[in-house]
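Undergrad: For reference, the chains in residue letters:
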Amino acid sequence: MSDVVAEKPVWTRKHLLTLNDLSPEEILYVLDTAESFKEVSTRSIKKVPALRGRVVVTAFFEDSTRTRMSFTLAAQRLSADILDFSAKISSASKGESLRDTARNIEAMGVDIIIVRHSSAGAAYDITQAVDCCVINAGDGQHAHPTQGLLDLFTIRESKGRIDGLNVAIAGDIAHSRVARSDLRGLIKLGANVTLVGPPTLVPRSFEKLGAHITSDFDAILPKMDVINMLRIQQERITSSVFPSIREYIRLFGMNADRLKRCKPDVLIMHPGPVNRGKELAADVADGPNSSILRQVTNGLAVRMAVLFLCQQAAAGNT
Amino acid sequence: MSKSILIRGGRVIDPSREIDEKMDVLIVGDKIAGLGREAAGSADEVIDADGLLVTPGLIDMHVHLREPGHEDKETIETGTAAAVAGGFTAVACMPNTDPPLHSDAEVEYVLRQAELVAHTRVYPIGALTKNRAGRELAEIGLMVKAGAVAFSDDGDGIADTAVCMRAMEYVSQFDRLFIQHCEDTSLTRGGCMNAGLTATRLGLPAIPAVAEVIMAQRDITLARQAGVRYHVAHVSAAGTVDLVRRARQEGQAVTAEVCPHHLLLTEEMCARYDPNLKMNPPLRSQADLQACLEGVRDGTIGCLVTDHAPHVNSEKELGFQDAPFGIIGLETALPLFIRALIDSEVLDWPQLIAAMSTRPAQLLGVSGGTLKVDRVADVTLIDPEIEWKIDAEKMRSKSRNTPFDGWPVRGRAVLTMVGGEVRYRAEQE
Numbered sequence: 000m001s002d003v004v005a006e007k008p009v010w011t012r013k014h015l016l017t018l019n020d021l022s023p024e025e026i027l028y029v030l031d032t033a034e035s036f037k038e039v040s041t042r043s044i045k046k047v048p049a050l051r052g053r054v055v056v057t058a059f060f061e062d063s064t065r066t067r068m069s070f071t072l073a074a075q076r077l078s079a080d081i082l083d084f085s086a087k088i089s090s091a092s093k094g095e096s097l098r099d100t101a102r103n104i105e106a107m108g109v110d111i112i113i114v115r116h117s118s119a120g121a122a123y124d125i126t127q128a129v130d131c132c133v134i135n136a137g138d139g140q141h142a143h144p145t146q147g148l149l150d151l152f153t154i155r156e157s158k159g160r161i162d163g164l165n166v167a168i169a170g171d172i173a174h175s176r177v178a179r180s181d182l183r184g185l186i187k188l189g190a191n192v193t194l195v196g197p198p199t200l201v202p203r204s205f206e207k208l209g210a211h212i213t214s215d216f217d218a219i220l221p222k223m224d225v226i227n228m229l230r231i232q233q234e235r236i237t238s239s240v241f242p243s244i245r246e247y248i249r250l251f252g253m254n255a256d257r258l259k260r261c262k263p264d265v266l267i268m269h270p271g272p273v274n275r276g277k278e279l280a281a282d283v284a285d286g287p288n289s290s291i292l293r294q295v296t297n298g299l300a301v302r303m304a305v306l307f308l309c310q311q312a313a314a315g316n317t
Numbered sequence: 000m001s002k003s004i005l006i007r008g009g010r011v012i013d014p015s016r017e018i019d020e021k022m023d024v025l026i027v028g029d030k031i032a033g034l035g036r037e038a039a040g041s042a043d044e045v046i047d048a049d050g051l052l053v054t055p056g057l058i059d060m061h062v063h064l065r066e067p068g069h070e071d072k073e074t075i076e077t078g079t080a081a082a083v084a085g086g087f088t089a090v091a092c093m094p095n096t097d098p099p100l101h102s103d104a105e106v107e108y109v110l111r112q113a114e115l116v117a118h119t120r121v122y123p124i125g126a127l128t129k130n131r132a133g134r135e136l137a138e139i140g141l142m143v144k145a146g147a148v149a150f151s152d153d154g155d156g157i158a159d160t161a162v163c164m165r166a167m168e169y170v171s172q173f174d175r176l177f178i179q180h181c182e183d184t185s186l187t188r189g190g191c192m193n194a195g196l197t198a199t200r201l202g203l204p205a206i207p208a209v210a211e212v213i214m215a216q217r218d219i220t221l222a223r224q225a226g227v228r229y230h231v232a233h234v235s236a237a238g239t240v241d242l243v244r245r246a247r248q249e250g251q252a253v254t255a256e257v258c259p260h261h262l263l264l265t266e267e268m269c270a271r272y273d274p275n276l277k278m279n280p281p282l283r284s285q286a287d288l289q290a291c292l293e294g295v296r297d298g299t300i301g302c303l304v305t306d307h308a309p310h311v312n313s314e315k316e317l318g319f320q321d322a323p324f325g326i327i328g329l330e331t332a333l334p335l336f337i338r339a340l341i342d343s344e345v346l347d348w349p350q351l352i353a354a355m356s357t358r359p360a361q362l363l364g365v366s367g368g369t370l371k372v373d374r375v376a377d378v379t380l381i382d383p384e385i386e387w388k389i390d391a392e393k394m395r396s397k398s399r400n401t402p403f404d405g406w407p408v409r410g411r412a413v414l415t416m417v418g419g420e421v422r423y424r425a426e427q428e
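Line by line, the protein sequences give chains A and B. Under numbering that gives the first Met the number 0, the residue at position 143 of the first sequence is numbered 142, and the numbers go up by one with no gaps. Under numbering that gives the first Met the number 0, the residue at position 337 of the second sequence is numbered 336, and the numbers go up by one with no gaps.
Derived from the structure by calculation, the hints contain no laboratory data. Ideal placement from N, C-alpha and C gives every residue a C-beta, glycine not left out. Certain hints may be false.
What the hints assert, rightly or not - Simulated pairs of lysine to any residue, SDA-like, Cα-Cα distance not exceeding 20 Å:
| no. | chain 1 | residue 1 | chain 2 | residue 2 |
| --- | --- | --- | --- | --- |
| 1 | B | 144 | A | 218 |
| 2 | B | 144 | A | 47 |
| 3 | B | 129 | A | 165 |
| 4 | B | 129 | A | 207 |
| 5 | B | 144 | A | 238 |
| 6 | B | 144 | A | 219 |
| 7 | B | 129 | A | 213 |
| 8 | A | 207 | B | 144 |
| 9 | A | 262 | A | 173 |
| 10 | B | 129 | A | 238 |
| 11 | B | 129 | A | 47 |
| 12 | B | 129 | A | 233 |
| 13 | B | 144 | A | 262 |
Unchecked claim - Just a sample of chain A residues kept apart from chain B, beta carbon distances all over 12 Å, derived:
| no. | residue |
| --- | --- |
| 14 | 23 |
| 15 | 99 |
| 16 | 120 |
| 17 | 199 |
| 18 | 213 |
| 19 | 215 |
| 20 | 232 |
| 21 | 238 |
To be verified - Only some residues are given here: those of chain B computed to face chain A with a beta carbon under 10 Å:
| no. | residue |
| --- | --- |
| 22 | 103 |
| 23 | 128 |
| 24 | 129 |
| 25 | 154 |
| 26 | 158 |
| 27 | 161 |
| 28 | 165 |
| 29 | 170 |
| 30 | 196 |
| 31 | 198 |
| 32 | 324 |
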């Protein structure tokens, strides 16, 4: 986007697999690009020709409605052609390997594969088999980079900065790709991140990634600028990770009472879908501190930016 | 104005401050008000403690009160009546009741019932897993909020390693003690006495010492990883003592307790199939007994407990192989520990009181265990010389299952005070 011809472009990646190896400049560049795309959504004709003639496939090997819709709409607004692939109607269930499936998809003349898979590393594996762009829409417990970016975008939009903010991520950290992506992005941009939950859900190894760890939610509430509440899964009870939803709510649920003990302008985030009345009380989810719907809106702009930047890098016409 | 009591002229032993000398103790209301050679000129009541030991109230951190669910064996009322007569001002009760103490509701029940009828303080120990089944975590956080002081599935150990690990991690967030009944039941199922020559001779299915050792070994490794304070219940095997000693030398937060019977009795005594000698862990070998004594001597085993486990006669009359495990102990613990540890010079008196009061209070994070000014006036007066004979028929416990009936012993509690209130006074003989 610079008009100085000799300057090295900030974004040169054709894949987005994780936020781990991005520089702060690269992350900020995506956020800045997303800001300009956000404006597109406010127009009466919500479409730009940036990916006209390009083919984007959403290859979802794991169920997802929201993320797929968000990516599909993002690609549509960039005027791309969209193809849906889901494991249920594919040969994946017939024993075809992930790499073979990816090669077959690419052979149809596809420019970007957006992949969601229940196994960590699946998006990386696909990059080893194809030449087109690969965007990770969530791989196992490993990464969900566009969720991380949209959370960063939402925080920056709300607080005007990320550097120096105190951010808590509460809940099932161990099993969460969202937590991992948020954590990496936040730390790169200078936030102080605290992971909150029972030790069974917040492994101490996360300290080595630069996070603070605590089981005492109430103690940290007054210091936080942002609190991101992760979805709690019923199936963690039978695997003896915590005893009951009732106990979880008492110790780690966000509700009006806890909100009162936070800073008045604390930002309450949630990647969705919310278990209302469980990790997040309904009145807080719908209240003025909540950014849940803005996160969804921003997700669209961020995904437009990611599709655009990766395609541009692949085409070499930065 | 609150009532004042002066305990005059006793040998005051307070391990929390390394005090062991002849002093007076002044109590005002429910608190210790002063210690000194002449603490106060006058008080509402003066108790003559000449020739007696004046110690922080004894605390038994391993008791089965059986309520709710087995009130035929014991109740909170009768169990604590036995406790106070044995010199205890507080007991921690194990959760293997029916229903088990596995959620805040049962913990609150025990505390409310204790408030109504108990003679001592009662500290509930919550279950680690639902129904003590070793599969899903119990509502440990809610039990902490309700007042549980520690957690254990006592009666059973947690067999599944992953469940045990998670339980340890989960407990670690509350800084409560994790107490394990160490027994690998895949090695002990059906067993009823120690594996050895006597079991072979008697034809009884056996419980090998290694079943205890192997779980303690696993647990110590897990607990180090989980960062939980880990406590081995009722140590009985030499191998366990070694493991605990080594872990403590390496600085790990590992503690252990032992019962009187494992310091006084051995497996050979089961020769007559007396069901009152059937307990779990079982009586072991002389070498195990010696190792336990050595563990107490060098501080490896820092707590002395009863594992008071009442059963009705009809159950013990089933015969050795079919009778339930366990014996009562609250009214005999003090003279038996005197016999096992003071008489044999394994411990001196301040060390004994530390193991029966100060240290359990510290591990459970409860009041008591000290005679510091402004702390609760939980005090036990002990006559260390009185000679008497254990008589099961005179016990306050609902049950009579003790192998020590008829034993001549020395030393007993003569007065037990809880929160400045005299709750037990021995009859003059």
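Undergrad: The structure should be examined with respect to each hint, and the outcome stated for every one.
TA: Tested hints:
1. This hinted pair checks out: residue 144(B) and residue 218(A) have alpha carbons roughly 16 Å apart, not beyond 20 Å.
2. With a C-alpha separation of about 57 Å, the suggested pair residue 144(B) and residue 47(A) falls outside the 20 Å cut-off, and the hint is violated.
3. The straight-line distance between the Cα atoms of residue 129(B) and residue 165(A) is roughly 37 Å, outside the 20 Å bound, and the hint therefore fails.
4. For the proposed pair residue 129(B) and residue 207(A), the alpha carbon gap of about 34 Å is over 20 Å, so the pair is violated.
5. At most 20 Å may separate the alpha-carbon atoms for a hinted pair to count; residue 144(B) and residue 238(A) exceed this at roughly 23 Å.
6. Our distance criterion of 20 Å between C-alpha atoms is met by residue 144(B) and residue 219(A), whose separation comes to about 19 Å.
7. For the suggested pair residue 129(B) and residue 213(A), the alpha carbons sit about 25 Å apart, so the restraint of at most 20 Å is broken.
8. Distance check on the hinted pair: residue 207(A) and residue 144(B) sit about 31 Å apart at the alpha-carbon level, beyond 20 Å; violated.
9. Only pairs whose Cα atoms come within 20 Å are accepted, and residue 262(A) paired with residue 173(A) is rejected, the gap being roughly 27 Å.
10. This hinted pair checks out: residue 129(B) and residue 238(A) have alpha carbons roughly 13 Å apart, not beyond 20 Å.
11. Pair hint residue 129(B) plus residue 47(A) does not hold up; C-alpha atoms about 58 Å apart against a cutoff of 20 Å.
12. Restraint check for residue 129(B) and residue 233(A): the C-alpha separation of about 16 Å stays at or below 20 Å, so the hint holds.
13. Between residue 144(B) and residue 262(A), the direct Cα distance comes to roughly 26 Å. Violation of the 20 Å bound is thereby established for this hinted pair.
14. Distance check for residue 23(A) against chain B: the nearest CB is about 33 Å away, which clears 12 Å, and the non-interface claim stands.
15. The beta carbon of residue 99(A) is kept farther than 12 Å from every beta carbon of chain B, the shortest such distance being approximately 35 Å.
16. Look at residue 120(A): its CB is around 24 Å from the nearest CB on chain B, clear of 12 Å, so calling it non-interface holds up.
17. Taking the minimum C-beta to C-beta distance to chain B, about 5 Å, the non-interface status of residue 199(A) is violated against the 12 Å cut.
18. The claim that residue 213(A) lies off the interface is violated: its Cβ sits roughly 9 Å from the closest Cβ of chain B, which falls inside the 12 Å cut-off.
19. Its beta-carbon lying about 8 Å from the closest one in chain B, residue 215(A) breaks the requirement of being farther than 12 Å from that chain.
20. With a least CB separation of 15 Å from chain B, residue 232(A) remains clear of the 12 Å interface cut-off, as annotated.
21. Look at residue 238(A): its CB is around 8 Å from the nearest CB on chain B, not clear of 12 Å, so calling it non-interface is violated.
22. A hinted interface residue such as residue 103(B) counts as satisfied when its beta carbon comes closer than 10 Å to some beta carbon of chain A; here the least separation is about 9 Å, so the hint holds.
23. Against a cut-off of 10 Å between C-beta atoms, the interface hint on residue 128(B) holds, since the closest Cβ of chain A lies about 7 Å away.
24. The beta carbon of residue 129(B) is positioned within 10 Å of a beta carbon in chain A (closest approach about 7 Å), and the interface hint is therefore held.
25. Taking 10 Å as the C-beta contact cut-off toward chain A, the hint placing residue 154(B) at the interface is violated, the least distance being around 19 Å.
26. Annotation: interface hint on residue 158(B) violated; nearest CB of chain A at approximately 13 Å, more than 10 Å.
27. A cut of 10 Å between beta carbons decides the hint on residue 161(B): the least distance to chain A is about 7 Å, and the hint holds.
28. Annotation: residue 165(B) was flagged as interfacial toward chain A, and the flag holds, the nearest CB pair being 5 Å apart, inside 10 Å.
29. Taking 10 Å as the C-beta contact cut-off toward chain A, the hint placing residue 170(B) at the interface holds, the least distance being around 9 Å.
30. The restraint placing residue 196(B) at the interface with chain A is violated, with a minimum CB-CB distance near 41 Å, outside the 10 Å limit.
31. Checking residue 198(B) against chain A by beta carbon gives a least distance of about 35 Å; that is not within 10 Å, so the hint is violated.
32. The beta carbon of residue 324(B) is not positioned within 10 Å of any beta carbon in chain A (closest approach about 27 Å), and the interface hint is therefore violated.
Hints 2, 3, 4, 5, 7, 8, 9, 11, 13, 17, 18, 19, 21, 25, 26, 30, 31, 32, counting from the list given before, are not met by this structure.
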